[in-house]
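Undergrad: So the sequence lines, in the order shown, correspond to chains A and B. Under the numbering used here, the first residue of the first sequence carries the number 1, and numbering increases by one thereafter. Under the numbering used here, the first residue of the second sequence carries the number 1, and numbering increases by one thereafter.
Any given hint could be a false lead.
What follows is a list of derived Cβ distance ranges for each label pair [unchecked claim]:
1. Glu129(A) with Ser321(B): 42 to 48 angstroms
2. Gln297(B) with Pro210(A): 36 to 42 angstroms
3. Val2(A) with Glu112(B): 25 to 31 angstroms
4. Phe201(B) with Gly161(A): 17 to 23 angstroms
5. Leu210(B) with Thr90(A): 44 to 50 angstroms
6. Ile130(A) with Gly116(B): 52 to 58 angstroms
7. Gly116(B) with Asn35(A): 31 to 37 angstroms
8. Ile130(A) with Ser321(B): 41 to 47 angstroms
9. Ala294(B) with Gly161(A): 25 to 31 angstroms
10. Asp244(A) with Gly116(B): 56 to 62 angstroms
11. Ala190(A) with Ala326(B): 50 to 56 angstroms
It is worth saying that the hints were derived from the structure and are not from the lab. Idealized CB from N, CA, C, for every residue including glycine.
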Amino acid sequence: MVIGGIQKLRISSYDYRVLMLVVTLCCLGIMLAKNLAPQDSGSIKRVALEQNIPLILGNWRAVGVGNDNPMLNPGGASTDQPYDEILYRTYQNSITGKTMSLAIAWGKSQRQEIKIHRPELCYAAQGFEIQSISRIKFRLPVTKQLNTVIPGKKMTAAAAGTSRQVVAYWIRIGGLFSENALETRVHLIAEGLAGRIPDGVLVRVSMLVPNPGEDVVASSALDEFLSALIGNLSVEMQSILIGDWHASSENI
Amino acid sequence: MDSIPSIDAKHAHAQKSDSIMSESKQNAHVVHARTIPFKVGMATRMSILLSDKRQTISLAVVAACISGMYYRVFNSLAQSIWQDDMGSYGPIVLCLSSYILVSKKAFDKQTESRLGVSSLLSGLILLMIGMFAYVVGESQQFDAIEVAGFPFLIGGAQILFTGLRAAYRAWFGYALALFAIPWPGSMIDAVTHPMKIAASFGAEHVFGWLGYPVARAGVILTLGPYKLLVADACSGLSSLFALEALGLTYLNIIKHESIIRNAMLAILIVPISYMANVSRVVFIGLISYHFGEAAGQGFLHQFSGLVLFFTALALITSLDSVIRAAREIISCRLRRHQ
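With the rest of the complex left out, here is chain A (with noise of 0.2 angstroms):
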C-alpha cells in the first residue's frame, strides 16, 4: 500500500513544501561546512630556520648564505609563495671540497591551494629537464644509537644554460612524508576533517654534476650531508625537518 502510494505522488512544480526542503538542506550544508573547517593550528609560530640550523655540519661549513633562490619565495600566504620561513645555504665538505646547496622551505599552515611546491613539478615548470628521478629512503641518525628512516626522492635535472644538478628532498606534511602531490592533497582533507591544519616543510639538497659519470659518487655525498644535516640538530629542529621519529626508528 505504502509503494502504491508513493508511485502516485505528484506534486507540482515549485512546491511549498519542496521550498523547505532545499533551504533546510542548505542551512544544514552552511553549518556543517562552518564546523568541519579546521582552525589554524598555531602550536609553531616560528621555526627560526637560520638561527636553529648549524653553520658547522661536521664537515661541512657555510660559505654562502642567501635568499636568493628563484624557486623558493617567502611570503607566506598565497598560492605563489606558501612558504613562512626559507633557508638557502651552501655548504663546502672541507676535505672532499665538494659543494651543496641547502634549501629548507617551511609553511605553518598547509592548505589545498596554499602548500609545499613539489621539486619535481617545480622544476619542470621552470623549464628543467628531470632526467630520472627515484623514491629513496633515507637513513637518518637521529641520536648517537638510533637511525630513523625517511622515504623522499633523488632526482637529477638539467637545464639549457644550466649545469645537470642532482637532487635529494623529503617533503613533511604533517606526520605524512609525501610522496606525489594526490597525496598531500588527500591527507589535508583528512586533517582538515579532523580539525587539524598540519605545517610543512621541504628539505632540498643539490649538488651540481655535469658528468653524468660522477652520479653515483655525488649521491652518496648528498646522503653524507643529510646525516651530518640531522645528526647535528637539536631535538627541536629534528622534530620540524623529520617529524616524530620515535614510532620509526631503528638502531645504527
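Starting from the known structure of chain A, fit chain B onto it as the hints suggest.
TA: For chain B alone, coordinates are given in the frame of chain A:
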C-alpha cells in the same frame, strides 16, 4: 468563462489549495496562458518566469541560499584566477551555462505534467551529491571540489522544482559548468609548460617562413634585436578552454544529427585554437619588430588577444559550413554514381 483568463485570475487560482482536483480545474482554464511560446524573446521570457508568485519566491530563496554558500569561493576566484589570462574563461563559461539553462526553459513551471517519484528522488540525490562536494570543498578550502558541486546543487534544486524532463532538455547547460572548475595550480603548470613550448615552436617556424631572422631557446624567441618571452598567458590554455566551451555551445544550439560531425568539430577546435595562439605570438612579435618594444607591449597586446579569439570563433563556425558543404558534395557524387 470563455474569455482569455487575465493574469490576476491566474494568481488567484495559484493561491488555492494544492489538491489534485482543483489543480486540474485550474489547468483546464489557464494552460494556454502559462505555457511560454518558444519564439518569445529573452526579456519577455524572464518577465513571464517571474510573474508567478510561487515560482519567484522559490527561485529567489534558493538563489539567496546558494549565493550565501558560494560567495566565498566565487569571490576568491574573482580576485585571483579569474582575473589573469589563465582563468578568465571561468565566468564566461558560467554565464553561458546560465543562458543555456534559461533558454532551454529549465526553470519554467511545468503545467502539463506533475513531478513524480523519479524527479523527486533524482533531484534529492543530485542535491545531496552537490551538498557533499560543497561541504568538503568549503570546509577544506578545496576550490575545485566546491565548484564541481555547484552544477549538482543547481541541477538537484531545479529537478525538485520543475522535474526531470526539464533537466534532460537543458543537460548541456549543466555539463558546460564543468569547464568552470578551477584546476589546481600544479595541474595547470604541468599543462602550460608544454603548451608554451609548442606555441614558441610554431611561432619560430612561422617567422622563419616569413623570412625574419629568428632563433629560439626554450620559450624565448630572439627576433632580430628583440627578445620575446612566451609567457604563461601566451600558452593558449585559457583561449583553448574558452573556444572549446563556445564551440560545444554552438554545436548544441545548431543540433547536428551526425555524431561524427559533432565530434570532428569538437576535436578540430584544438588545432584551431593552437593556430590562433601561434598567430597571436607572431602578430605581437611583428609589432615589436617593426614598431618597437613599446608598441608591442602596449594596447595592441591586449587587443590582439581579443581579435584572435574572435577570429578563431569565426573559423570554427565557418568550418562547420565547410564540413556541411563537403558532406553534401560527397553525398551528391555518391548519388550520381548509383
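Undergrad: Does the hinted range 25 to 31 angstroms hold for Val2(A) and Glu112(B) at CB?
TA: Roughly 28 angstroms apart at Cβ, these two residues keep to the hinted range, so it holds.
Undergrad: Regarding Gln297(B) and Pro210(A), is the given constraint of 36 to 42 angstroms on their beta-carbon distance met?
TA: About 37 angstroms separates the Cβ atoms of Gln297(B) and Pro210(A), which means 36 to 42 angstroms holds.
Undergrad: State, for the Cβ atoms of Ala294(B) and Gly161(A), whether the hinted interval 25 to 31 angstroms holds or is violated.
TA: Taking Cβ atoms as reference, Ala294(B) and Gly161(A) lie about 28 angstroms apart, which means the hint holds.
Undergrad: Can you let me know if the beta-carbon spacing of Ala190(A) and Ala326(B) is within 50 to 56 angstroms?
TA: For Ala326(B) against Ala190(A), whose Cβ atoms are near 55 angstroms apart, the range 50 to 56 angstroms holds.
Undergrad: Per the hint of 42 to 48 angstroms, is the separation of the Cβ atoms of Glu129(A) and Ser321(B) within bounds?
TA: The hinted range 42 to 48 angstroms holds for Glu129(A) and Ser321(B), with Cβ atoms some 44 angstroms apart.
Undergrad: Is the distance from the Cβ of Leu210(B) to the Cβ of Thr90(A) consistent with 44 to 50 angstroms?
TA: 47 angstroms, holds
Undergrad: Lying within 41 to 47 angstroms: is that true of the beta-carbon distance Ile130(A) to Ser321(B)?
TA: 46 angstroms, holds
Undergrad: Does the Cβ-Cβ separation between Asp244(A) and Gly116(B) fall within 56 to 62 angstroms?
TA: 57 angstroms, holds
Undergrad: Starting from the hint 17 to 23 angstroms, judge whether the C-beta atoms of Phe201(B) and Gly161(A) obey it.
TA: 18 angstroms, holds
Undergrad: When you take the CB atoms of Gly116(B) and Asn35(A), is the distance between them in 31 to 37 angstroms?
TA: For Gly116(B) and Asn35(A) the Cβ distance comes to about 36 angstroms; the hint holds.
Undergrad: Do Ile130(A) and Gly116(B) keep their Cβ atoms within the hinted range of 52 to 58 angstroms?
TA: For Gly116(B) against Ile130(A), whose Cβ atoms are near 56 angstroms apart, the range 52 to 58 angstroms holds.
When each numbered hint is compared with the structure, no violation occurs for any of them.
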